[in-house]
Structure formats: C-alpha cells, structure tokens
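Those sequence lines, one after another, are chains A and B. Numbering-wise (our numbering), the first sequence opens with residue 2 and increments by one. Numbering-wise (our numbering), the second sequence opens with residue 2 and increments by one.
Possibly wrong hints are sitting among the right ones.
[What the hints assert, rightly or not] Each pair of labels, with its calculated beta carbon distance range: (1) A:S24 to B:L74: 45 to 55 angstroms; (2) B:D32 to A:L105: 30 to 40 angstroms; (3) B:I173 to A:A114: 22 to 32 angstroms.
[Said to hold, decoys possible] Counterexamples of contact, computed for chain A against chain B with all Cβ distances above 10 angstroms: (4) T18; (5) A35; (6) N47; (7) W63; (8) A83; (9) A91; (10) A106; (11) E145; (12) L168; (13) S174; (14) F207; (15) D243; (16) N244; (17) Y290; (18) P307.
Hints were generated in silico from the structure; no laboratory data involved. Backbone N, C-alpha and C define an ideal beta-carbon position, used for all residues, glycine too.
Protein chains: 2
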Amino acid sequence: MFFEGSEKKVELIVEPTLGSLRSFGRAFWTDIVALAKADIISVISNDQCDAYLLSESSLFVWDKRLVIITCGLSTLIDSLIAVIDHIGIANVAFVSYQRKNEYLAHLQASTFADDISQLRQKIPGKACRIGHLDSHHHFIFTSEKAAELASNDTTSELLMYHISGPLAQYLISENQSEQKICQLLQLDTLFAGFDYDCHLFSPLGFSVNGIKGDRYFTIHITPQEQSSYVSVETNVDVNAADNPIAVQLLALLQPISWDTIGFNTPIKAGAGSHNVCLAYCSYPIVENYHVHFSHFQQVDTEVLNPELM
Amino acid sequence: MFFEGSEKKVELIVEPTLGSLRSFGRAFWTDIVALAKADIISVISNDQCDAYLLSESSLFVWDKRLVIITCGLSTLIDSLIAVIDHIGIANVAFVSYQRKNEYLAHLQASTFADDISQLRQKIPGKACRIGHLDSHHHFIFTSEKAAELASNDTTSELLMYHISGPLAQYLISENQSEQKICQLLQLDTLFAGFDYDCHLFSPLGFSVNGIKGDRYFTIHITPQEQSSYVSVETNVDVNAADNPIAVQLLALLQPISWDTIGFNTPIKAGAGSHNVCLAYCSYPIVENYHVHFSHFQQVDTEVLNPELM
Numbered sequence: 002m003f004f005e006g007s008e009k010k011v012e013l014i015v016e017p018t019l020g021s022l023r024s025f026g027r028a029f030w031t032d033i034v035a036l037a038k039a040d041i042i043s044v045i046s047n048d049q050c051d052a053y054l055l056s057e058s059s060l061f062v063w064d065k066r067l068v069i070i071t072c073g074l075s076t077l078i079d080s081l082i083a084v085i086d087h088i089g090i091a092n093v094a095f096v097s098y099q100r101k102n103e104y105l106a107h108l109q110a111s112t113f114a115d116d117i118s119q120l121r122q123k124i125p126g127k128a129c130r131i132g133h134l135d136s137h138h139h140f141i142f143t144s145e146k147a148a149e150l151a152s153n154d155t156t157s158e159l160l161m162y163h164i165s166g167p168l169a170q171y172l173i174s175e176n177q178s179e180q181k182i183c184q185l186l187q188l189d190t191l192f193a194g195f196d197y198d199c200h201l202f203s204p205l206g207f208s209v210n211g212i213k214g215d216r217y218f219t220i221h222i223t224p225q226e227q228s229s230y231v232s233v234e235t236n237v238d239v240n241a242a243d244n245p246i247a248v249q250l251l252a253l254l255q256p257i258s259w260d261t262i263g264f265n266t267p268i269k270a271g272a273g274s275h276n277v278c279l280a281y282c283s284y285p286i287v288e289n290y291h292v293h294f295s296h297f298q299q300v301d302t303e304v305l306n307p308e309l310m
Numbered sequence: 002m003f004f005e006g007s008e009k010k011v012e013l014i015v016e017p018t019l020g021s022l023r024s025f026g027r028a029f030w031t032d033i034v035a036l037a038k039a040d041i042i043s044v045i046s047n048d049q050c051d052a053y054l055l056s057e058s059s060l061f062v063w064d065k066r067l068v069i070i071t072c073g074l075s076t077l078i079d080s081l082i083a084v085i086d087h088i089g090i091a092n093v094a095f096v097s098y099q100r101k102n103e104y105l106a107h108l109q110a111s112t113f114a115d116d117i118s119q120l121r122q123k124i125p126g127k128a129c130r131i132g133h134l135d136s137h138h139h140f141i142f143t144s145e146k147a148a149e150l151a152s153n154d155t156t157s158e159l160l161m162y163h164i165s166g167p168l169a170q171y172l173i174s175e176n177q178s179e180q181k182i183c184q185l186l187q188l189d190t191l192f193a194g195f196d197y198d199c200h201l202f203s204p205l206g207f208s209v210n211g212i213k214g215d216r217y218f219t220i221h222i223t224p225q226e227q228s229s230y231v232s233v234e235t236n237v238d239v240n241a242a243d244n245p246i247a248v249q250l251l252a253l254l255q256p257i258s259w260d261t262i263g264f265n266t267p268i269k270a271g272a273g274s275h276n277v278c279l280a281y282c283s284y285p286i287v288e289n290y291h292v293h294f295s296h297f298q299q300v301d302t303e304v305l306n307p308e309l310m
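Generate coordinates for the entire structure from the input sequences, incorporating the hints supplied.
Okay, here's the thing in structure tokens:
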C-alpha cells in the first residue's frame, strides 16, 4: 500500500518571439508526458490555459509558459530535455527543475544530481538543495537566464505529510466520490469561480486541476496510511486575509508536518500553539525574486506501531 | 564532504554447546569483516571480550556472542550469512540484524528488504520498520528462535543528528588528537575503568571501542557539517542516577535531533524545555523483552543556507 507521491516539477517560460505552446496540441503533449512515463487522463481549457490531468499528476500549458508536475517513478527530466530540444535553447527564457526527496529514493531511475548533469549539457544554471538530508528536502535547478517576472508572478507550494482527521479518514474509506472529496476540500470556497477537473485513482489517490483566466491550482493526494502526502500548488495568493488558503487547507488536512515553498512570495502557514517552524531558508534566484522555504512540525508525541515486513 | 555514517548491525548469540567464538581468531574475523567491505584497524582484549576497531565501525566477540556494526557502503548481511554458514544454523541461539535508514539510500548495495529476503533463506524471523519513512527510521530483524536473556542483558543505542557546540566544532577542526577527543567526550568519567581503543580517520571521523569485563561501549562520530551523526552503543546502564550517560552525551554533543533504541531497557534521553519526543514505539521481540524507540527533536527554528550542487 505504498505510493511515491513525491514530485518532480518543471516550469518553463519561452521567449515572446516563439509561437504559442498551446498550439503544439494534445498529441505533442501526449508524447512529451509519455517520456516521463505518464498519460493524459483528461483536459480542461479556458482562453488562456490548457490544464491536463495526468496519470502521474498534472500539466498546465499557457501560450508562453508550462508547468509539469509528475510523481511516482516518472522520469520528468526526459520530458524537459525533449521540450527544450523541440523549441530550441534560444527560445527558453527561463526554466526551473525541481525535485522533492523521495520516500524510496533507491527505486527512482535517476537522482537529482544525474538529472541536472544531463540538463546542464543543454543550459547553464544553478542548483541547490534546501533542507537537511535527514529531513524533507528539495532540490531546485534554475537557469542562469532568467525572464523578467512580474511581482504578482508567484508560485506557492504547500506539501503536507501524515494527514489526519475526518478528511484523511474519508480518503482511505471505501465508496468515495470525486464530488464528495471536492466538497470536503471546500474547493468552491477556496478557489471560487475556478473550473476544475478531478480524478479518483484506484485503489486510492485523488488529483484535481483548476483554472480561472491565467490562474491555476492543482492538488494531489496520496492518502495511504504510513506515508500519506498531499501537495498543493498554485499561482493564486494563498495568504489573502479574506481567504487564507494555506491555513484553511492545513486545518482540513491536519498534517503532522508540512513544508511551504514560496517563489516570489512568503507563505503564511504556521498556526496554533502545537506546531513549530523547525527550518527556514530564503535565497534569491535572481534579484528581487526569492525562494522561501519553511518546514513545520506538530510537537505532539506520536505513538507508532512497528510496521511488519 | 559527505560520509554515510548510518549503520547496519548484527547481534548473534550461539548455543552453549558451540566452542568459543573468540577461538576462531583474528584471521577468521578479518575474512568475515572483509565480506562487509571492512578492515580490522586494531584490537583490544580482556578475559571476556575481543574488541576490534574496523575501518567501518566495530566488531565485538565474546565466547558466546558477537556484535558487528558497520557504516558507509558496507555489506554486513554477507558477513552475517558467512558466520551462520560457518557455525551452522543449529548453533544459532538468537540473531538480530538491524539497519538504520541511510542518508543516501540509492548508493547502498542492497535494501533492508533485500537483506532479509536473503537471511530468511537461512533462518526464520520477524522484521519490522520503526519510525516513519520520511523521518529517521530503523529496520530490525529478529530470529524466531530467541535465547533466554537475563534481565540485565540490555543494549542501549543513542543516535545523534546535527551535533553542535564546542565538541562538534573541535571535531571538524584541524590538528585534532585522539587524546583530546577522548578527554572532551569525558570517557574516563562516563565509562570509568574501561580499556579503550580509538582511531581518528582522515579527513574526518572518530571511532572508539571500550571494554571492561563483559561490558562494552562504542562511539562512532561522523562530524561532517550538514550531515553530522554520532552513534553510541553499549550494554552499560545509560540511565543510572549517578552517571546518566545518555543525558551527559546529549549535553556534550548538542544534537538537533536524536533517536534512542533500548533493547530490554527504556532510555532516559529527553531533557530540558527545548526538545520534544515526536515519536515513541515499544514492542516485544519475545516475552518480557521489549524494544523501546523514541525520536527527539529540538524545537528551535534553524536558519538554513541552500546547499549548492
């Protein structure tokens, strides 16, 4: 009952002179995600974005930008290399490649170090690890060439481990429905006015993509007990006083620990008297564009059972 | 500057009818540890025990018992299989095989699951994981056949991560001496009357074995910043009111987090107002013989720098 929820992520911005990435069409993106060992399950579109739900997470394509997130044993670096080869290096305005440490790293086809050694043959960039090796940590590569980013061009990632409470219980129960999960996640309130597309996996697991104009969110849930994991990623403001998305999701999913990674934005996600921020890191990718990482932990004692093998 | 300090460990008790394990001699044990990719550096002996200091940790041999601990990329399961083959299954009264999760698991020659699948072809036993996959965790195999163990037959393991303070600073400084490290570790007070044998590794790292009658201790220090790790293992009482060894070592090494594993004994190792016990697990290996696991964490916020790659 183990599934590797930990994700790899690509964000790519192309030069204004290149045609629209959306015009490449579904067949092209089907081939690209196949290189990462993923399939397209479904797609929703609006006038600015195509949001593909994948067998291993999500792909968002705008005219000048794409975000791909894949989990499991996917080989996302192969998709990225293929996209770069297809559009040509000169048309890459900015690229980032990110990897979360895996629960079972030895099962992966490559390490982050392997991946960036391949990537650096195409494009120079800096790479680093945030977080200790013996805790949750993240690897991030960013190209030297950095597109000018608007101040509202932010990305927020909220990664939750060992969820608990009624929603966590529902997510491992029998006879779940997509509709009920969306309702329990309060998507209509948290992401009001978004179109969304979701999928319930067998035996367990849930993914949802949402879009509204050029805004997006995606949530992936690996509810398996002992290694449950929920990732939320969005370019919507998660700190808004009238809709503090991060804090509300933490209240719903009650994780034992969680990370926040804010690109060009800090994230307000510590709450209550029972958790502490154990680690914090902030560093600039380019001038005025910082990455903000925090790791939070509930401070209660958890009584564990030995896991038989 | 990374070294995999995480250890694998074998404890084996033989039937009274078998001759003394010590009589097998140094040449035999040299061959055995070579199978784990380790060498013997030095040895000290008393009338009950031979304590070998290894290139990757330690080997203790008594007449009827042995303990081998190896770190790095060692393949300890191969040593264990060879010892069992040599003495014959019928002469094994009890065996345990233990593995700490590694910092860089993908570099290891095998997983714990691989190891026990090999071991179970020789001897039936139960195996489990203690601790979450996304935190420090430990794998333990114990044979179904369990020798009768005296109530003072205890083993205490104290595993410390991210050490700090003056001793931690000294351990990464230039011109260290073995004598000075032993003095800073207060070995003469903590383990009064023990003979000991130590080794300073190049470029960094320190090991010490100590014996007194049938009592032993061993300390292995991987002081490298970003992944520092210190393991202490002993059959001495670490909780004694007049010499609380575990608490004193924590005060000396000031780790950010630590695990305790007590076989047939709980370990008193929480201290002060700035740390919490995040996880606890206790389970019986055989009747009246419990394993007690705890994971402790300092609750201060650590400000991290990104690690360039």
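So, going through the hints one by one against the coordinates:
Roughly 50 angstroms separates the CB atoms of A:S24 and B:L74, a value that falls within the hinted 45 to 55 angstroms. Checking the proposed 30 to 40 angstroms range against B:D32 and A:L105 shows it holds: the Cβ atoms sit about 33 angstroms from each other. The hinted range of 22 to 32 angstroms is satisfied by B:I173 and A:A114, whose Cβ atoms lie roughly 24 angstroms apart. Remark: the non-interface label on A:T18 is consistent with the geometry, its nearest Cβ contact in chain B lying 32 angstroms away (cut-off 10 angstroms).
Look at A:A35: its CB is around 25 angstroms from the nearest CB on chain B, clear of 10 angstroms, so calling it non-interface holds up. Residue placement check: A:N47 keeps its beta carbon more than 10 angstroms from all beta carbons of chain B (closest about 36 angstroms). Listed as a non-interface residue, A:W63 keeps its Cβ farther than 10 angstroms from every Cβ of chain B; the least gap is roughly 28 angstroms. Distance check on A:A83: its Cβ is at least 23 angstroms (rounded) from any Cβ of chain B, clearing the 10 angstroms threshold; non-interface status holds.
Residue-level check passed: A:A91 sits 26 angstroms from the nearest beta carbon of chain B, beyond 10 angstroms. Residue placement check: A:A106 does not keep its beta carbon more than 10 angstroms from all beta carbons of chain B (closest about 5 angstroms). Every C-beta of chain B lies more than 10 angstroms from that of A:E145, the closest at about 14 angstroms, which supports listing it as non-interface. Distance check for A:L168 against chain B: the nearest CB is about 20 angstroms away, which clears 10 angstroms, and the non-interface claim stands.
Against chain B, the non-interface label of A:S174 holds: every CB pair exceeds 10 angstroms, the least being about 22 angstroms. Once the 10 angstroms rule is applied to beta carbons, A:F207 is consistent with being away from chain B; the minimum gap is 20 angstroms. Interface exclusion of A:D243 from chain B stands, the closest Cβ pair being 28 angstroms apart, more than 10 angstroms. With 10 angstroms as the threshold on Cβ separation, the claim that A:N244 sits away from chain B holds: the shortest Cβ distance comes to roughly 27 angstroms.
At roughly 14 angstroms, the least C-beta separation between A:Y290 and chain B is larger than 10 angstroms, which holds for a residue marked as non-interface. At roughly 4 angstroms, the least C-beta separation between A:P307 and chain B is not larger than 10 angstroms, which violates its mark as non-interface.
Of the numbered hints stated above, those contradicted by the structure are hints 10, 18, listed in ascending order.
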